[in-house]
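Engineer: Quick mapping for you: the protein sequence lines, in order, are chains W and Z. Start counting at 1 in the first sequence, then tack on 29, and there's your number in this note's numbering. Start counting at 1 in the second sequence, then tack on 8, and there's your number in this note's numbering.
Hints in this document: simulated from the structure, not taken from any laboratory. Check each hint, because a few of them may be wrong.
To be verified - Below are the EDC-like pairs computed for lysine to aspartate or glutamate, each with C-alpha atoms no more than 16 Å apart in a straight line: (1) K132/W with D34/Z; (2) K132/W with E31/Z; (3) K35/Z with E201/W; (4) K35/Z with D96/W; (5) K35/Z with D206/W.
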Amino acid sequence: MNAIRTPTRWLVGLVGILLTTALFLVPFAFIFVTAAKDANDASMLQFSWPVHFQLWQNIVDVFQARDYMLVIAFINSTVLTVGSVALMVVCGSMIAYVLDRRKSRLNPLINTLVLAGLIIPPAVVPTIWVMQSLHLFRTLPGLILVEVAFGLSFTVLTMRAFVATIPREIDEAAIVDGAGPLRLFFRVIFPLLKSVIVTIVVVQSIFVFNDFQNPLYFLPGNQNATVQLTLFNYMSQASTTYNLLFANILVITIPMLVMYILFQRQIVAGMTSGAVKG
Amino acid sequence: MSYTTIRSGEQVSLKRAPRASAEHVDKTYPLWFHLPGGIIYLVLFIVPTVFSFYFAFTRWTLFKSTFIGFDNFVLFFSEPGLIGSLRNTLVYGFLTSGLKVVLGMMLAVVLSAPIIARGYLRSVTFFPVLVSAVGVGLTFQVLLDPFNGVVNQLITAITGHDGPGWLTDPNIALLSVVGIDVWKGIGLATLIYIAGIAAIPNEYFEAARVDGASSWQVFRNIILPLSFPATSTVIILSLIGGLRSFDLIWTTTQGGPGFASDVIASVIYKQYQAGFYGLSTAGNVILFIVVTAIIYPLSRWLNSKETVL
């Protein structure tokens, strides 16, 4: 792959830059310029520089709309994301650890359940039915647990591969020093999982924060909105306020872009796990 | 005498060793570690899945269910709007998956070569993965507006004719959403392929160069077969995602116009909204069967091919 001559490198690079700019950057630029327009200007749907640049004003408007609904939504989404990802990491790593270390007769069953969780589409109404009987329907803790249940398989699968790389001698050493199972796991093993934990946290945060379907089903109602549902505030048959719609899209996308810039390496590691087998 | 003591000594150690280690394993790696996650998973995922196979055969109000046999399924398969969703689900799943495999592979080969601005290109193609399906869907609804949208204005400017109603023409609405899905997901497929290509040992490329292989031969005989694990990951991941897809379809066309772009997942939501919980759950069971019947044999087949390599 190193045999490419310099002119070709430049040519392919330039063509690539032009194509990706047209295909991938223009939609992002469109979001940005529309988010900065006034309502009239934005309703033309043109890809043009705003006549009046009022990005900040639009962002303030978006946050204040409908009694600060977006602020509430950000709080809801943050609690949802932090809560469910934290539970996924703790529960998932405990399962992955025992699954790897202990050859029990349960293992084939657990492996099957993990794969089932990756493949099977969740049964919506029966889930609501179960949640209702547990008084979890329409509650944030309920949605957190649902996200944990749906995201656990991927977590266990990714973590198990990593746990297998930690030598058992470390376990033995800790036991000789008198550590019980809880201390062994949470004080010795858990810190060693740091890199895979960061990967899981980043990947699952993107998934939960961007999720639309599960909040729609399991946490309906405006007072409970998560950030993805706030976008529908600006959509209506009669008049869509496009500048505020796109300002809202911009505001809820920025956290994930920042996350990508900070954790690029971990995202790549997490999303490509499984692609590079022996 | 001494013989027996040695033997009994051996027996003792033989007896003790496994028992001690079993106890040791049980103490060190207790099975209850499975419980916290396992309970959440069983209660909120496995239990509803198992019960869906009962409620799919009932007329159901969440409080009361009446067993009605196969009525829900008969309705599903006789109603044109519903049976169409089955076809659309398959079209959507296989098209998005196929396009992501082909285009992702092509992009990855280019982005693995030492071209200029490689880091920038990799990042830009990955950005859409980070945007929510809702954000992408609403943005494209505006970009693809039949009259004022940027895409059709460009088409009019170049060709002089009106562009198609991307999301409003029943013949192409589903395909337009497929296109948007590929736009959003191609970065992930590319990323997986790049990792797969990077894992190919350099000796192969060096040997090919010594032998004077052309770029196409390198691609055909080295990259394509040796990145097979990446291919099978992309196929399985994108097929599972595509068959279950809801967010993007709901935020671009809501299954319309008419039922033109309805998939099973959107039918499940519509029937749920309308209060037909039994029918909605029957949709769920059908989706379960479709996804499992495709993914399970396919992944076994791909795995067996992987081990041959």
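Engineer: Each hint: holds or not?
Structural biologist: Checked hints:
1. K132/W with D34/Z: holds (11 Å)
2. K132/W with E31/Z: holds (13 Å)
3. K35/Z with E201/W: holds (12 Å)
4. K35/Z with D96/W: Outside the cut-off at roughly 55 Å; violated.
5. K35/Z with D206/W: holds (15 Å)
Against the hints set out earlier in the document, a violation occurs for number 4 only.
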